[in-house]
Amino acid sequence: MNQTRRGFMGKAFGAVAGVGAVGALYAMKRSWDPLPSVKAAGFTTVDLSSCAENKLIVEKWRGKPIFVLRKSAEMVASQNEAQNARDIIVEGSHYMIAIGLCTHLGCIPAYRADKSDFKCACHGGEFDSSGINTVLPPEKPLLIPPFKVTGATVVLGEEGEVYKKMKESGLIA
Amino acid sequence: MAHFEKANSLGEWFDQRLGVKTLERVLAKEYWIPKDINFLWAMGMVLAITFGILLISGIFLLMYYQPNVDLAFDSVNYTIMQEVGFGWLWRHVHAVAASVVFLIIYIHMFTGIYYGSYKKGRELIWISGMLLFVAFSAEAFSGYMLPWGQMSYWAGMVITNLFSAGSLELNGVVEWIRGDYVPAQAFLTRFFMLHVLLIPVAIMALIGFHFGALRLPHVNNQNGTDIDFEEEAEKYKSGNKAASKVIAFANDFMSKDMFVVAVYLVFFFYLVFWNFGFAMDPVNFDPADGLVTPAHIYPEWYFLWSYEILRPFSKDVGLIAFAFAQVIFVLLPFLDRSPNTVPANRRGLFKFWFWAMLVDMIVLTAMGKLPPEGIFSTIGFVAAVTFIGLWLILPIITKFEKKL
Numbered sequence: 001m002n003q004t005r006r007g008f009m010g011k012a013f014g015a016v017a018g019v020g021a022v023g024a025l026y027a028m029k030r031s032w033d034p035l036p037s038v039k040a041a042g043f044t045t046v047d048l049s050s051c052a053e054n055k056l057i058v059e060k061w062r063g064k065p066i067f068v069l070r071k072s073a074e075m076v077a078s079q080n081e082a083q084n085a086r087d088i089i090v091e092g093s094h095y096m097i098a099i100g101l102c103t104h105l106g107c108i109p110a111y112r113a114d115k116s117d118f119k120c121a122c123h124g125g126e127f128d129s130s131g132i133n134t135v136l137p138p139e140k141p142l143l144i145p146p147f148k149v150t151g152a153t154v155v156l157g158e159e160g161e162v163y164k165k166m167k168e169s170g171l172i173a
Numbered sequence: 001m002a003h004f005e006k007a008n009s010l011g012e013w014f015d016q017r018l019g020v021k022t023l024e025r026v027l028a029k030e031y032w033i034p035k036d037i038n039f040l041w042a043m044g045m046v047l048a049i050t051f052g053i054l055l056i057s058g059i060f061l062l063m064y065y066q067p068n069v070d071l072a073f074d075s076v077n078y079t080i081m082q083e084v085g086f087g088w089l090w091r092h093v094h095a096v097a098a099s100v101v102f103l104i105i106y107i108h109m110f111t112g113i114y115y116g117s118y119k120k121g122r123e124l125i126w127i128s129g130m131l132l133f134v135a136f137s138a139e140a141f142s143g144y145m146l147p148w149g150q151m152s153y154w155a156g157m158v159i160t161n162l163f164s165a166g167s168l169e170l171n172g173v174v175e176w177i178r179g180d181y182v183p184a185q186a187f188l189t190r191f192f193m194l195h196v197l198l199i200p201v202a203i204m205a206l207i208g209f210h211f212g213a214l215r216l217p218h219v220n221n222q223n224g225t226d227i228d229f230e231e232e233a234e235k236y237k238s239g240n241k242a243a244s245k246v247i248a249f250a251n252d253f254m255s256k257d258m259f260v261v262a263v264y265l266v267f268f269f270y271l272v273f274w275n276f277g278f279a280m281d282p283v284n285f286d287p288a289d290g291l292v293t294p295a296h297i298y299p300e301w302y303f304l305w306s307y308e309i310l311r312p313f314s315k316d317v318g319l320i321a322f323a324f325a326q327v328i329f330v331l332l333p334f335l336d337r338s339p340n341t342v343p344a345n346r347r348g349l350f351k352f353w354f355w356a357m358l359v360d361m362i363v364l365t366a367m368g369k370l371p372p373e374g375i376f377s378t379i380g381f382v383a384a385v386t387f388i389g390l391w392l393i394l395p396i397i398t399k400f401e402k403k404l
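Chains as they are written, first to last, in the numbering used here: chain A, 1 to 173; chain B, 1 to 404.
It is worth saying that the hints were derived from the structure and are not from the lab. Given the structure is predicted, the values throughout are model-derived calculations rather than measurements. For glycine and all other residues, C-beta sits at the position ideal for the given N, C-alpha and C. This list has only true hints and no planted wrong ones.
Simulated coverage check for chain B against chain A, where a stretch passes if three residues somewhere in it have a Cβ under 8 Å from a Cβ of chain A:
no. : segment
1   : 146–160
2   : 177–190
3   : 285–292
4   : 305–316
Build the full structure now, drawing on both the sequences and the hints.
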């Protein structure tokens with residue numbers, strides 16, 4: 001008799017403790033989530049009209065560096081299909097817009113204007129002027145952030161028509 | 001209520017209430033240490049003392065450090081270093097101890113591997129020791145974030161990115177760990193918490209576990225001799241100390257242990273006062289800037305070997321190799337199939353395995369510091385493959401080892 005009572009009490013405690021543990025773990029997980037204010041502060045507007053050709057502009061969006069590169073006519077002429085597909089055309093000029101973090105481990109690659117490419121100093125990865133990876137270790141092109149073109153400006157963080165088309169054709173990541 | 005006699009001394013009063021004499025007997029007076037050992041057996045005490053030094057210096061740093069992205073850098077580099085009386089001392093002691101503790105950990109580890117001190121009942125000592133290594137690594141990494149310099153920031157970026165697990169692209173996990181898209185205020189405060197509370201508490205618990213795992217199997221000795229501790233203890237207690245193979249932990253062995261600690265402390269404070277620069281990366285004297293990556297991002301010297309195993313491969317393969325390197329040492333007691341508990345020099349092929357592993361880790365460490373170019377990339381790649389290969393052949397060569 002005593003044994004059954006103890007068994008019942010043990011199971012009852014186990015059930016209460018189990019519910020409590022799950023609840024506590026969920027609360028702990030949620031406390032580590034990014035705050036709403038961090039998530040909300042997420043839009044950056046870039047004016048493209050002031051960009052010079054073959055000169056890299058670095059903007060900041062959600063704490064990350066964003067590369068904006070206006071390509072010269074020669075650069076555009078020498079591009080292949082895959083490179084063209086990643087270009088954003090605003091008022092007749094070709095632009096590369098990408099998150100400036102190496103897709104290997106997140107260092108910022110440096111732009112080499114003479115070679116029109118990016119070199120990451122951390123582990124030696126390279127990307128071309130369209131952000132496509134050319135030398136290992138990175139196995140993917142630079143990511144393209146959500147953007148929306150309005151006239152000569154681009155809003156980062158908002159998904160516009162051009163971005164959606166790129167996303168559908170699998171170019172974003 | 002239990003029956004208590006009137007105590008005749010303060011010692012007796014405490015003994016009645018806490019069993020102090022029993023504790024003293026189990027942990028010190030009748031805790032037996034073999035005589036056949038050398039100075040390498042003092043590394044545990046050296047580590048315990050170094051942890052104590054880290055704790056005390058840390059308490060003083062904690063009183064002026066500000067875990068805020070705008071204030072952290074100046075609170076360390078200006079307030080603590082220039083304003084606080086002897087603040088520079090605590091910082092240099094803390095930084096030097098954080099670096100030297102890993103040197104001693106590696107010596108302690110390789111001593112254990114050389115003498116086979118992870119076998120036949122000593123498996124839990126090894127496993128708890130490797131858990132301590134993991135905890136100390138996490139403690140070192142979280143502490144490295146706190147001055148919020150360029151190396152803090154970018155090491156934080158790179159290491160947290162590892163948790164995206166390569167092609168699995170678990171960016172949500174990375175953002176969850178950081179509490180932001182990039183290392184920012186939430187990141188700094190939570191790593192501050194980990195560094196000053198959660199991980200130190202875990203380390204203290206693990207030290208208790210490590211000592212507890214040692215008590216019954218006792219420490220190993222230079223020849224791996226299977227000592228009958230009860231029989232040897234009887235000889236010692238009956239006054240035949242010369243014939244006994246053991247001595248008591250306290251005060252006999254402790255006096256020698258603390259002598260080694262004294263030699264170590266002279267070396268330690270020489271570093272603190274005259275050669276602290278090795279523990280202070282110049283790049284970390286630039287405040288954190290999310291828009292400028294330092295030319296070379298490299299970890300502190302004690303992480304270089306595992307970093308070099310990550311580096312020469314493509315992303316996913318590198319991550320798998322890195323994960324392998326992090327956990328494989330824990331499995332040593334089970335991967336070594338030989339029953340021989342003797343020094344490596346008497347163990348046939350294992351002798352070469354031991355020295356090959358030691359040299360390979362030194363090569364990996366050196367290559368990890370050099371830029372990933374040309375011949376260094378090649379040497380690093382070969383050394384990384386060698387590391388993995390050595391672990392794969394370990395069960396085979398030890399399986400066929402001649403039983404002694």
